[in-house]
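These protein sequence lines are chains A and B, in that order.
In terms of the numbering used here, the first sequence opens at residue 1 and continues consecutively.
In terms of the numbering used here, the second sequence opens at residue 243 and continues consecutively.
Read the hints as simulated data drawn from the structure, not as lab findings.
It is possible that part of the hints are untrue.
Some chain B residues near chain A, calculated using beta-carbon distances under 10 Å [said to hold, decoys possible]: (1) G326; (2) M331; (3) S334; (4) M338; (5) E345; (6) L353; (7) L358; (8) A361; (9) D378; (10) K379; (11) L525; (12) P527.
Which bits of chain A does chain B cover? Going by a derived footprint, with three or more residues having C-beta under 8 Å, they are [what the hints assert, rightly or not]: (13) 21-34; (14) 117-125.
By construction, the Cβ of each residue, glycine as well, lies at the ideal position given by its N, Cα and C atoms.
What follows is the residue order along each chain.
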Amino acid sequence: MRTLMRLEVLRMLRNRRYLLFTLAYPVAMYLIFGSQSGDVDGTDVAAYIMVSMASFGAVGATLSAGVQRIAAERQSGWTRQLRLTTLTGRQYVISKLASAAVVGLPAIVLVLFTGFLRGVRLDPWQWGVLVIALWFGSFVFAVLGIGLGYLVAPDSAQPVFMLVYLGMAVLGGMWVPLTGFPQFLQDIGHVMPTYRLGRLGWEVLDGRHPRMSDIAVLALYLVAFTALAAWRYRRDEQKVAA
Amino acid sequence: MTITAGKQTTAPAVALAGVRKSFGDLRAVDGLDLELHQGETVALLGPNGAGKSTTLDLLLGLSRPTEGTVALFGGDPRDAIRRGRVGAMLQSGGLMPDVTVGEMVKLARDLHPRPLPQAQVLQRAGIEDLVDKNVDKLSGGQAQRVRFAVAIAGEVDLIVLDEPTTGMDVDSRRRFWGSMREQAELGRTVLFATHYLEEADNVADRVLVLHRGKLLADASAAQIKARAGLRRIAFDLTESVERYESTLRALPGVVQLELGGTTVRMRSDDADETVAAIYAAGLRPRGLEVAGLGLEQAFLAITQQADEAEGMEIAS
């Protein structure tokens, strides 16, 4: 189990293209969009977009750790071979989660650090709570990634990932604050897990702790996505290569 | 037959009872009853599409039978696997992407409750020189050897291999079967699927012939070879062969006879005796040909025998 976790993480770090995409993309987006000045509902725009892009990066890293890698592992037959070892389904999922969490953390920290370099100033507790809240919140997307990795055919893993990732990011107000959207899009946005994740951080910028309601909604998503992942994992268990 | 070797107290390594598996209309496995005893080396022989891989999937608990029961060591296959009693190498099973061979083997050992030393596993699989190579860059035969290493990374009681030598060169094949024999000598039950009769003959104590999801034969390698070792004999006579039919049928070894014009075609399980008897009967064959049957034909021969037997059962 230790070797499995170690290798899961190592494989992520070895894949340069993957790292570049998951870590550099949100930083680049932040550099492009974060230079505006003004405020969003009283919060400084530069700080607001920093949190949006840190959440965006965390979602991308944790989601792709599941979807694309599991799809590839199913294609190579590795998931099937793993079933012939003493590893239980739960251990497998935990090791996947752990490796997703390991890339999720630098995705958050890098954007926050870039924000700091560009002059965003917060209290030490705010930086700390931001990192922890966004990191823990991103586990929801790691589980969603595992479920989707088992749900989609290996060939369509990439487009499905992009669709789900960018779709949830835009609808959840990670690119453009929801306040600029028409009402019905705002209503959709409010139920998005991405919006709830972002708001964990936006609240911290205003000097408040993350809202319990956001934590509760994310917890509900976590339960739902875990059920999806468990269901698909069991389905895959029964499937037979003809 | 109820001959049981050794103590009766130990549960059979593998027990299948009335197992059927259907995919839609296709009956991939059609009523399989089978017991493998501990320490046996058994070949599962059959042409492509015979149901070998499906049988192994069922046996390993990767899929559930439509009907019937499957037990490993007297219990659920998943239990045996979770306790690390089974090492398996499937055609559809793969390796973890983006890691080296050494890391892959280490992982397999780490996941096993009774791992063997790394050096020993590498040596048995003959992959010492591949340790630092990325698993995604292996040739077909090399990948097979690494997958074998994964299957034998720990102390197991049952080893299941699905066409293990596919893609291996002659030398790798020999090494592979050498280490397979070692495993058998250690008292492990080995079950391997193959479509090479020679492999079954060289390694297995017992050969199961599977065809269209049914078990056609369960015998020693020598017996199967005798059945598959039929020879085809063909020759011409100067006159119509019809009138010699009874003489020809009475020849020793003849299992099948086909007459057409001046041509005789027959299959014999003892070609030497048959040919000697042809001359002894006073016949003067021209253009005599004696040829061995290919494996496909041997299967056909065995299948035909099975079909005929079935036909007779229905008739009686």
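Given L525(B) as an interface hint, is the shortest Cβ-Cβ distance to chain A below 10 Å? violated, 51 Å
Does the interface hint hold: is G326(B) within less than 10 Å of chain A, judged Cβ to Cβ? Holds: closest Cβ of chain A sits about 5 Å from G326(B), inside 10 Å.
Restraint outcome when K379(B) is required to lie within 10 Å of chain A by C-beta distance: violated, 13 Å
For the restraint on P527(B), tell me whether the closest CB of chain A is nearer than 10 Å. Cβ of P527(B) sits 48 Å from chain A, so the hint is violated.
Holds or violated: is there a CB of chain A closer than 10 Å to the CB of M338(B)? Holds: closest Cβ of chain A sits about 5 Å from M338(B), inside 10 Å.
Within the assertion that chain B covers the stretch 117-125 of chain A, do at least three residues meet a Cβ-to-Cβ distance smaller than 8 Å? violated (count 0)
Grab the minimum C-beta distance from M331(B) to chain A and call the hint holds if it beats 10 Å, violated otherwise. holds, 8 Å
Verify the interface restraint on D378(B): the C-beta must sit less than 10 Å from at least one C-beta of chain A. Check passed: Cβ of D378(B) comes within 8 Å of chain A, closer than 10 Å.
Are L353(B) and chain A close enough, Cβ to Cβ, to be under 10 Å, as the hint says? holds, 4 Å
Outcome, coverage of the stretch 21-34 of chain A by chain B - at least 3 residues whose beta-carbon is closer than 8 Å to one in that chain: violated (count 0)
Please verify that hint: S334(B), Cβ, nearest Cβ of chain A, below 10 Å or not. Check passed: Cβ of S334(B) comes within 4 Å of chain A, closer than 10 Å.
Interface hint check: A361(B), Cβ to nearest Cβ on chain A, cutoff 10 Å. Holds or violated? The hint is violated - A361(B) has no Cβ within 10 Å of chain A, the shortest such distance being about 17 Å.
The earlier numbered hints that this structure contradicts are 7, 8, 10, 11, 12, 13, 14.
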